[in-house]
Amino acid sequence: MLPKTASPGFTGTGRRNGSDRWRSVAAVITIPVLLPLLVILGSVFVPDPDTWEHLLEHVLAEVLVNTLWLVAGVAVITGLLGTSLAWLTAVTDFPGRRFFSWALMLPIAVPGYVMAFVVVGLLDFAGPVQSAVRDLWGPDAWFPVVRGRAGVIIVMSLVLYPYVYLITRNAFLTQGARALEAGQSLGLSRRQGFFRIALPMARPWIAGGLMLVVMETLADFGTVAVFNYNTFTTAIYESWFSLFSIRAALQLSSVLMLLVFVAVLIERSLRANAHYTGGGSPATARIRLAGWPRWLASAYATIVMLLAFVLPLVQMLAWGWQNFARDFNTRYLEFVSHSLLLAIISAGFVTATALLLAYSLRNGPGAFAGICARVATLGYAIPGAVLAVGIFVPLAALSNGVQAMLDILLGSAAPTVLLQATLLTMLVAYLVRFLAVAYTPVESNMQRVTRSVDEASRSLGISGTRMLRRVHFPILRGGLLTAMTLVFVDVMKEMPITLMTRPFGWDTLAVRVFEMTSEGHWDRAALPALAIVLAGLVPIMMMIRRTEHAA
Amino acid sequence: MKSPVRIILLLPVLLAVVAGCAPPDDTLVVYSSRNEELIKPVFERYTAETNVNISFITDSAGPLVERLRAEGENTPADILLTVDAGNLWHAASDGLLKAVDSAVLKRNIPAHLRDDQDRWFGLSLRARTIVYSSQRVSQDQLSSYADLAGEQWRGRLCLRTSRKVYNQSLVAMLIAQEGAARAEEIVRGWVANLATEVFSNDTSLMQAMVAGQCDVGIVNSYYFGRLLDKDPEIPLRLFWPDQDGKGVHVNVSGAGVTRHAPHPVAAVAFLEWMSTEVPQRIFAERNHEYPANPSVAPDAKVSAWGEFRASETSLVKAGELQADAVKLMDRAGYR
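Each protein sequence line maps, in turn, to chains B and D.
Per the working numbering: the first sequence = residues 1 to 551.
Per the working numbering: the second sequence = residues 1001 to 1335.
Which stretches of chain B does chain D cover? Using the computed rule of at least three CB atoms under 8 Å from a CB of chain D, they are:
| # | stretch |
| --- | --- |
| 1 | 113-126 |
| 2 | 229-242 |
| 3 | 380-392 |
| 4 | 513-527 |
No wet-lab data here; the hints were simulated from the structure.
Cβ coordinates follow ideal geometry from the N, Cα and C atoms, glycine included.
Given the sequences, and given the hints that come with them, work out the whole structure.
Next comes the structure, spelled out in structure tokens:
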């Protein structure tokens, strides 16, 4: 499919014609993604002054400050964790490096609200840690506030750093050792080489990973709810579920969307003139850390791994074990296979779409394709349930239209149409939600596929689909695998869209988690949550292994 | 490379064909925000008794309502089943539920537990009441919800977040019974008495109380029942406030027939059946709740918490005043 559609831009004949075609590809991809966003934006034409007056007076000031702190805090911590760990595992060598290079990715499979619940459960007043502290040092012993700003920032950072880690690692792996070697021959120390060469060269990847983290943080409801930390998203849900103004909720979401759009454009324009061709051979020899730094590196990776993965895993195992006899049954086979089926197909489908979009941007340059690409990836910053409504409304309208047509054509013999609840619908919905997740790593690697790469391969007589397969694909491979991994994990965890668009009786593990948490059975939600993590392990490991080989 | 790509692109089409079908025509369809575990046993019993199949989708109340709205005339849903009177009231006032004229339902469900225009009916009852530490508080120190705003509870009160609909309905009822000004005074008093940040759920609130962080709080009765299941010796008790006043605040889980229900007659028949003795018992028992039909006795565990006089203010008020309640709590600094 891809090579056929992709070939016109590479045949060398009629480049203009080719870019037009690519522009239409961008438009075709953008339309389904755009519709839900338009539904949300459309809300701004019918004001809801009552709700807004209240929000402005009593809600928005607090949530804006809270949201800024949260986004800034999470971005700084995930940036530091993700980049440093990526550098250590991609370029250096230390005890356990092979293990950590894939294991450090695993926390991404832990849903944020699960992590939050585990941390609050362990560390809050009634938890074992503070109880022990009180037993030792008396009832008035000091303990930091757990359900506060710092707590929520740390918890979110622990589950979100893998986005930066995975994408940035891919940059370091493909960056090429030559630049570093050149730096060293110019007398730069290893540290200078990192800060002055490797880091600036990895900037689009780091920025891309951070952008995903920021969008995910903005859209999060589950984690902040456990901490009672009010953010822009909680204000959106308050308007909808408490003040019963879906309109105000959609309007707030529009504001959020515009802010993210502006942020993305600014970030783009800041690096618009920089080129990140990189390339050359990947690092041949790793930097072997010697002496205490190598153990420090191991200790650092171990601590992150313990906090972000082992801790929640152990707690989930304990809860899962307690409820295993009561809750586990043969239906789990069905839940697991449904989840895996959805996640695997979506991973392929969304990544393929992201690839098409990235190509259309490359081959049909200009403002139009650029804006298409930016708009198409906004869905990730919108709170899940709001986006689910945005997706559902046009689908239901389409379904009703088809039904009306069938009724006219077939009369009473017309079958009942329910397009809003099919697996195809779910895939489109996931596309709207997760295109940004797939597009970011793919697009970053696309920057490595320069015009000179095309020219060089053409001069060697390799063009058209052969060039895509033999020249482009190997360069893009790491980014594609990263994209598939991220989409896979995100779909496994996704709740609101799955709930709203699933066919009757078609339950997944995430639906199971919802069933338990919605009734306050947090400990019983551990079993399906654990199944999400475990079912995700094998594909994650496979994909990470392959990313390794791709380098 | 080519063939896997093709398969991936073909699969969605296949899936759409396979899974794009609606439930069979003779099946009753329920949209439920009560989870599968609580509804399925009752549905299965109905199918066994009447041969009517029931298929259902679970989701949160907000999305289910938007779903009904978007589907309009073509909705497959016959019944909306959800918790909290406020949610039901809003679905009804948005025109998504239709009036049901049923002598059976009117007889079985008391007037204050159903819509005044018969668009929804309470099916099970939960009390939002006071819980206290039996080690540090004695029963005669307690009297009413308003009393928890008094000086004597400074630094001793635990509350759940005002974002939870149960607290919104509670405050809405306070507004209905005491007037907005007095209700705000009470809520401000609560906030001043808080021992710690509000909790995200009733269970962790009670665990904090056991650990000694606070002495009194307000919770839904069934959460207390669940904790008792795990630890029968737990040093907490329920207290029934306002017995000389308006009575204990109760809320419902309930249901209504959707405006465009494909099977309206069957839907009403199902709701009528739900209000009768056996399903009332099963439906309430599963979640340690009280049957909405007053002639059906609660199960032994729940009865053991003692009898109480429940508020008889119509739950319609909880819906009407919910937005006011939320705004009041925001003003009072109740997070």
